[in-house]
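Could you slot chain B onto chain A? The hints should help.
Heads up: the protein sequence lines correspond to chains A and B, in order.
Residue 136 in numbering that gives the first Met the number 0 sits at position 137 of the first sequence, with consecutive numbering throughout.
Residue 210 in numbering that gives the first Met the number 0 sits at position 211 of the second sequence, with consecutive numbering throughout.
Copies of the same chain look alike in the list, so a pair counts if it works inside one copy or between any two.
For lysine to aspartate or glutamate, the following DMTMM-like pairs were computed, each having C-alpha atoms within a straight-line distance of at most 25 Å:
id	residue 1	residue 2
1	K106	E21
2	K106	E238
3	K137	E82
4	K106	E245
5	K264	D155
6	K271	E60
7	K264	D295
8	K271	D55
9	K264	E36
10	K106	D237
11	K264	E359
12	K264	D55
13	K137	E81
14	K264	E228
15	K156	E359
16	K106	E228
To be clear, the hints were calculated from the coordinates, so they are not data collected in a lab.
2 protein chains.
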Amino acid sequence: MTDNPFTGAPGREETTPGVFSEAEVGLANRNSGAFLEMLSLDVTPVGAHYLLTHFDVPLLEEGAHRVVFDGAFEAPFEMSLEEVKAAPKVTMPVTMECAGNGRTGMKPRPFSMPWSYEAVGTAEWTGTPLAPLIERAKPQAGVVDFAFEGADFGYDKGVGHAFGRSLTPEQLADLEVLLVYEMNGQPLLPQHGAPLRLIVPGWYGMASVKWLSRITAMTERYQGFQQVETYRFRQAADEPGEPVTEIKVKSLMVPPGVPDWITRKRWLSPGKVTLQGRAWSGAGVPVERVEVRIGDTWHEAEVEAPLGRYAWSGWSFEWEAEPGHYRLACRATDTNGNVQPLEAEWNLSGFANNTLHEVEVFVGD
Amino acid sequence: MTDNPFTGAPGREETTPGVFSEAEVGLANRNSGAFLEMLSLDVTPVGAHYLLTHFDVPLLEEGAHRVVFDGAFEAPFEMSLEEVKAAPKVTMPVTMECAGNGRTGMKPRPFSMPWSYEAVGTAEWTGTPLAPLIERAKPQAGVVDFAFEGADFGYDKGVGHAFGRSLTPEQLADLEVLLVYEMNGQPLLPQHGAPLRLIVPGWYGMASVKWLSRITAMTERYQGFQQVETYRFRQAADEPGEPVTEIKVKSLMVPPGVPDWITRKRWLSPGKVTLQGRAWSGAGVPVERVEVRIGDTWHEAEVEAPLGRYAWSGWSFEWEAEPGHYRLACRATDTNGNVQPLEAEWNLSGFANNTLHEVEVFVGD
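With the rest of the complex left out, here is chain A (with noise of 0.2 Å):
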């Protein structure tokens, strides 16, 4: 593979402000958001969580796979999947949200997948813990990251690598981590990560690898493509940069009223109006306030309990909807005093925008 053409970072133009390339709309066209009305729902219906996949969607049969744990373990072994649906089973409330959602908001735009609000979603996810299965395996002394590797292959800036993440033993015994073969009480769809993946509760959704393949312990920091070179908050091209792990809190709003087809603008009649949506924060820790902006005026909104400890909470603020028009927004603060912000916090890549969602409306006469 001398000359491969995929050298560099072809297809990576400076962005233009208001317009966008062919390759991010061909991303765009890839990679699927979700409906925002379906904020309604505790749980997004398969088919209507979000999906980022980098590369192709690996077909793996189910009967055929196997998680190999190898590396710097005593005990090294592999499991089937029967193997592993056999292990204790849990079931748990997940909202994953991506971690270049809201890429379009941040001025200049950093080139990539053009999510603005979409990319999020809770699923019922169901497997088994895995930090049982790390003991049993036996870490040696000196173990210092958990790589996890999914049956996906592909480019990114000329570097070929299956896509691959890792945690570290700190990070394993804080989360609640599973390896999932579930998703809402069905078995998990191709492009979820079927027949296995992981779910990094918490977490930005990269963490979350999909077609789980191969865990492997290691003495030397994880030097994978996914975990050193991309998902890093930088300025700069030539900087280290910081990982990207939780989720920053965050609010949506089930945009009320309906919709025009093109602009996504909301006519809506005069009179009682319940806004409402979902508030989530990172690993665990749960959003305590929600306002709603309103004209100039913030408005508190009643919060529900959250749905799970990592799972966003419900929201809603009845609005006396006079005629005019309005930039409504909505944010969220958690238990840990973080709330969102008014302008995003600007990285190279784009990551972890976290400022106010913002639905325009007009009330009519």
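Relative to chain A, chain B alone:
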């Protein structure tokens, strides 16, 4: 609604070659295409079938839902879902394609959802034939149209309307139209039209009205917005145009090798490669021939029997790949002698582009 802000055509800018507007990217984020790599599967998995949603997805309660047969019927009635399910049950594989698939390949590019190749899928739809129910409702003499109305409502060019379409009595007699409540053996998902939708096999997707609520027999031509204002082949905005109906002959290829994440260009090793894909045509006409272009030479592919009267055929071709840079393409011919054109026939809204699927491939050495 005197000062409706959606009057006119908000967001419908002139398009610019090579770049896309925010409105176009918004549509690409909201609507979702198939994964071309899943063309290796006979049936598209739930959640990987393309979705084009004009307004918001209505979340309807199955228990409360009724489909009303009204208008110029002698014996109008309404049915619950339970009653629809008690009627004779049929399961049919149907290949559905969005009328706008391929729009970005037209020059100049018409403004709307910027599909390239991916707005197609094949599902196993389960429901009951519509014809006997129409008969039961006894259309009056002089009925010229049956109108089908969904529960989804919004604005398009300033016109508020529920999504609706119509078929003539002659069309209904020709086509095996179904009232459908299951997709791939599971209850319809909200985004696919739950709890009840129309399937008009062999026609582009706009005919298969989702969230079906009302079937009205009409003694005058149906004038619904989605029937007379959109989904027409026009050269200029002031023409009435010809209606978009049956799917045109087309084929797609599973992109061989592995992708670059951004450009989706492909990399593969030299040697034997099975090129494969799917081919289909409209309204029950089978595909009889698929050709594959490698370099400047066209080769005959093997074509399988279609999956069903209204569903695609698999095709394959064994390629002995030599190092080089290729733009592979495929081309289908149906038994009526229709063949995919080398140039798209341009029309104002960018409908029914059935030119060749091209895939850029690098074979290493």
